[in-house]
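> All chains, full assembly: derive it from the sequences and hints.
These protein sequence lines are chains H and U, in that order.
In terms of the working numbering, the first sequence is residues 35 to 189.
In terms of the working numbering, the second sequence is residues 2 to 486.
Bear in mind the hints are in silico, worked out from the structure with no lab data behind them.
All values reported here derive from a predicted model rather than from experimental measurement.
Please note that the accuracy of each hint is not assured.
Said to hold, decoys possible - In silico SDA-like cross-links for lysine to any residue, where the CA-CA straight-line distance does not exceed 25 Å:
id : chain 1 : residue 1 : chain 2 : residue 2
1  : H       : 65        : U       : 123
2  : H       : 111       : U       : 17
3  : H       : 172       : U       : 42
4  : U       : 236       : U       : 271
5  : U       : 51        : H       : 142
6  : U       : 270       : H       : 180
7  : U       : 16        : H       : 147
8  : U       : 270       : H       : 136
9  : U       : 16        : H       : 115
10 : U       : 117       : H       : 101
11 : H       : 145       : U       : 42
12 : U       : 51        : H       : 179
Here is how the chains run, residue by residue.
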Amino acid sequence: MGNDIRYQKEELKYVVADSLCKRLVRSVEEKYPREACGIILGKLLENNTIVITNYVSVENSDSEFDQDRHYTINPLKLYSYENTFAKDGNEIIGFYHSHPDAIAYLSEEDKKYMIPEQLYLILEVQAGITLHRNVWKKSIEDDSISRVNIKVKGE
Amino acid sequence: MKVYISATLRTFFDKTAQTEIEGKTVGEILKGLTDEYPESKKGLYDDDGKLRSFIRIFVNDEDFTDVSRHKEKLSENSEVLLLPLIAGGKPSDSIISDERQKEISIDEKGIERFNKHLMLREISVKGQKRIKAAKVVVIGAGALGSAAIQYLAAAGVGTIKVIDHDKVELGNLQSQVIHGARDVNRPKVASARDTIRNIDRSIEVIDENQQLTAENAIDLIDGFDLVLDCTDNYKARYLINDACILAGIPLVFASIYQYEGLVSVFNYKGGPCLRCLFPAPPSPGLVPTCTEGGSISPLGGIIGSIQANEALKLIIGIGEHLDGKLLTFDSLNLKSRVVNIDKDCDCPICGLNKTITEIVDFDYEDFCGLKEDETEIPVEGFTADEFAKRLEEEVPMTIIDVREPHERAILRFPGAVVIPIGQLARRQKELNPDIDTVFICKEGKRSILAINTLREAGYEGPLYNLKGGIEGMKDIIFSHEAGLL
Chain H
35 MGNDIRYQKE
45 ELKYVVADSL
55 CKRLVRSVEE
65 KYPREACGII
75 LGKLLENNTI
85 VITNYVSVEN
95 SDSEFDQDRH
105 YTINPLKLYS
115 YENTFAKDGN
125 EIIGFYHSHP
135 DAIAYLSEED
145 KKYMIPEQLY
155 LILEVQAGIT
165 LHRNVWKKSI
175 EDDSISRVNI
185 KVKGE
Chain U
2 MKVYISATLR
12 TFFDKTAQTE
22 IEGKTVGEIL
32 KGLTDEYPES
42 KKGLYDDDGK
52 LRSFIRIFVN
62 DEDFTDVSRH
72 KEKLSENSEV
82 LLLPLIAGGK
92 PSDSIISDER
102 QKEISIDEKG
112 IERFNKHLML
122 REISVKGQKR
132 IKAAKVVVIG
142 AGALGSAAIQ
152 YLAAAGVGTI
162 KVIDHDKVEL
172 GNLQSQVIHG
182 ARDVNRPKVA
192 SARDTIRNID
202 RSIEVIDENQ
212 QLTAENAIDL
222 IDGFDLVLDC
232 TDNYKARYLI
242 NDACILAGIP
252 LVFASIYQYE
262 GLVSVFNYKG
272 GPCLRCLFPA
282 PPSPGLVPTC
292 TEGGSISPLG
302 GIIGSIQANE
312 ALKLIIGIGE
322 HLDGKLLTFD
332 SLNLKSRVVN
342 IDKDCDCPIC
352 GLNKTITEIV
362 DFDYEDFCGL
372 KEDETEIPVE
382 GFTADEFAKR
392 LEEEVPMTII
402 DVREPHERAI
412 LRFPGAVVIP
422 IGQLARRQKE
432 LNPDIDTVFI
442 CKEGKRSILA
452 INTLREAGYE
462 GPLYNLKGGI
472 EGMKDIIFSH
482 EAGLL
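Here it is, written out as structure tokens:
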């Protein structure tokens, strides 16, 4: 399984390919005006760097009336994905979801469900176009939440 | 029993993916897990000892998270899954918090009554609950308030406070449609209360038959979510603006005059306020109030309805708001514009260096020029009776009428010379400094301005103001044909 990402005591660095970003953004915009959601996968490299290798779009299991302002990923669905990821050598790094016509900041609802040490990518999608992205992480030490910088490499 | 731990939660279990824990129920297994991995308690439970929101426990495919199932005996070959619930939602733009919204219930009658709201995707049940949870103050039960109050009530706002110190007059019925002919001489708030109750008895109505002052303003609006300014004078408007900023309550502002209206939202998310837009009111007498200037009947209804609409959008948390913007509406030419308002960093009440921190310390009378300036030379004048006597006795004097053409069309003052205030300085030669010159207008305010203008232009002859204006002469009966009122 290799070094598990979550147990690095030093600060982790994150990097992602630009092309992957673009694909994720397009996939999210397709779901507008509903909230898109999914899993972010990655691998730990040397130098405490995590490279984001892929994303998996997951069905928003909320009722269709709520999907424009809320998302839920069915836990059993996530369970079924976990085994496939493990086989490819990928780890679950975090999750992404969109805020249709709202800012890319954590809502109270978002904060309630944050798992410590997982990345949470939020995309602000206004009228079908992604305007801003922010990535957040809750600390396992004290539950404090901070913004995470992801380096985008042109590729 | 086999326990599978989701990859996302292994942080709390020393990287363990799968383990065997002794126990026949979920409760026993959770105890076993936290005994073996003491650090996991912090991850699984909150400070109140409840399982954290993102923790889900499945036994095979069944959800066993709820505490009521933690004592159920599990079959021998069960697999317990410790999984996360990944969920969230976009931030609500509403001024009513989620907690308050969740406390509201809507019964069957409410579903029938508000069916047209519930059908709208942007409103639906959550939005209607926010409306019912909302507490709104409407200051002024006149032309603007008539529409605003009725639509807020119809929409289902749970608590509405109406503040107005006036009684209904016959002239109000031309545009203040919340009142009827039977309400003449009744307090406006009593009439408004009856109308609200007639729309929906379940609405909590608080009527305040008193004038808003610097002493009571903050107490009257404290604890409410939103204020609507439906007043008709500058002093009240600045007072309401300042009180809202100091109390931290957003304000939906509107005003009407003749055929035009303005709407804006002040003090919302740190946006501009009335003082950012209009740092000071115009000099008294320069711009007639609605009472003096008139307004076309539906105008208050149009603009007041827009106010109610803005209020509802803020409560539900949808649409574009008029914060940092001013809607101007011209009903005569059917033109409307939305212009941007910049926040003024030097604003004395919401800027960077606030100089107004207590409204009781601010002199609104002086600010709006309603106080007589002690350094000014006092303007002499005649009361209605004194003026009538001079007319009767045919005392030689020049009468100057400074009213607007449409006012003169309603009621002429024969024998008066018509000179607009703006022309006084250059037409002063038409006056005779050897006899008294008396200035008349509708209420006796613009005539004071006229006298001061003429003095500043250097005229030295005797000038008098008709105190109370032509309005004050209504009840005087003349003995001869010089009488006209």
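> Compare the structure with each hint and give your call.
So, going through the hints one by one against the coordinates:
Of the pairs offered as hints, the one joining residue 65 (chain H) and residue 123 (chain U) holds, with about 17 Å between alpha carbons and a cut-off of 25 Å not exceeded. Proposed proximity of residue 111 (chain H) and residue 17 (chain U) is supported: the alpha carbons are some 21 Å apart, at most 25 Å. A hinted pair counts as satisfied when its Cα atoms are at most 25 Å apart, and residue 172 (chain H) with residue 42 (chain U) qualifies at roughly 17 Å. Between residue 236 (chain U) and residue 271 (chain U) the alpha-carbon distance is near 23 Å, which keeps this suggested pair within the 25 Å criterion.
Our distance criterion of 25 Å between C-alpha atoms is met by residue 51 (chain U) and residue 142 (chain H), whose separation comes to about 18 Å. A threshold of 25 Å between alpha carbons decides the hint, and for residue 270 (chain U) with residue 180 (chain H) the separation of about 23 Å falls inside it, so the pair holds. Pair hint residue 16 (chain U) plus residue 147 (chain H) holds up; C-alpha atoms about 21 Å apart against a cutoff of 25 Å. Taken as a hint, the residue 270 (chain U) and residue 136 (chain H) pair is honoured in the structure, with Cα atoms around 15 Å apart against an allowance of 25 Å.
Between residue 16 (chain U) and residue 115 (chain H) the CA atoms are separated by roughly 18 Å; this keeps the pair inside 25 Å, and the hint holds. Taking the CA atoms of residue 117 (chain U) and residue 101 (chain H), the gap is near 21 Å; set against the 25 Å cutoff, the hint holds. Between residue 145 (chain H) and residue 42 (chain U) the alpha-carbon distance is near 19 Å, which keeps this suggested pair within the 25 Å criterion. Proximity of residue 51 (chain U) to residue 179 (chain H) is assessed by CA-CA distance (about 21 Å); at most 25 Å being required, the pair is judged to hold.
Going through the hint list in order, the structure satisfies each hint without exception.
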